Amino acid sequence: MTQLTTPRLRLEPLEDRHFDGLHRLNRDPVVMRYITGRPDTPEDTRSMIERVKARWVEFGYSWWAFIRTDDGELIGSGCIQHLNRDPSGPLETGWRLRQDAWGQGYASEAARHMVGWAFATLKPDLVCAVCQPANTPSSTVMERLGMRCTGLGCWYDMDCKRYDVSAEQWAASPAKAKYDAEA
1 MTQLTTPRLR LEPLEDRHFD GLHRLNRDPV VMRYITGRPD TPEDTRSMIE RVKARWVEFG
61 YSWWAFIRTD DGELIGSGCI QHLNRDPSGP LETGWRLRQD AWGQGYASEA ARHMVGWAFA
121 TLKPDLVCAV CQPANTPSST VMERLGMRCT GLGCWYDMDC KRYDVSAEQW AASPAKAKYD
181 AEA
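Anchor point for the sequence shown: position 156 equals 156 in the UniProt record's numbering, and the numbering is continuous, going up by one each time.
Hints listed in this document are in silico derivations from the structure and should not be mistaken for laboratory results. The structure displayed is predicted, hence computed values, not measured ones.
Listed below are the simulated DSSO-like cross-link pairs for lysine-lysine, each with C-alpha atoms no more than 30 Å apart in a straight line:
id : residue 1 : residue 2
1  : K123      : K53
2  : K161      : K53
3  : K178      : K123
Here are the in silico distance ranges between beta carbons for each label pair:
id : residue 1 : residue 2 : range
4  : A172      : D44       : 37 to 43 Å
5  : D100      : C149      : 26 to 32 Å
6  : S47       : K178      : 34 to 40 Å
7  : G37       : A181      : 33 to 39 Å
The C-beta atom is built at its ideal place from N, Cα and C for all residues, glycine as well.
Let the sequences and hints guide you as you build the complete structure.
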């Protein structure tokens, strides 16, 4: 399984040992308001870890824990997965962070490395991301990745905006240049 390193984070494939930090993240109703609309129970978090471990085995990619390198804290998680969990769908990136890590550039940093890894390793035609229209912090990160809004749709049983970046757009983006400099 693939571990990624950014200037301030270590992205580790989610495993059982991440339960406490992941549940702390996923039980926060403010963090989860645009993801599931409700905080996770311990069973929800355990189920997520089991699904993720199976996807790492099946696909070779899934969800990472974002571990801050200066203190070893799990401050978030993010993924490369198939949109709407449909293997015939395009690759999607997504993320969530603890509230105390918001506004510090961690989401952009981690997303840049997940997308950079996906294009370098999996070589898709495009990578997408989705968010509810009111989730402007996430759409801002998507735009920083060079993604462009392609419209509204229903994914994960929610109305969401979809953002795409093609391999060609990624290759020419400032986000890729920054990724290359950090990698």
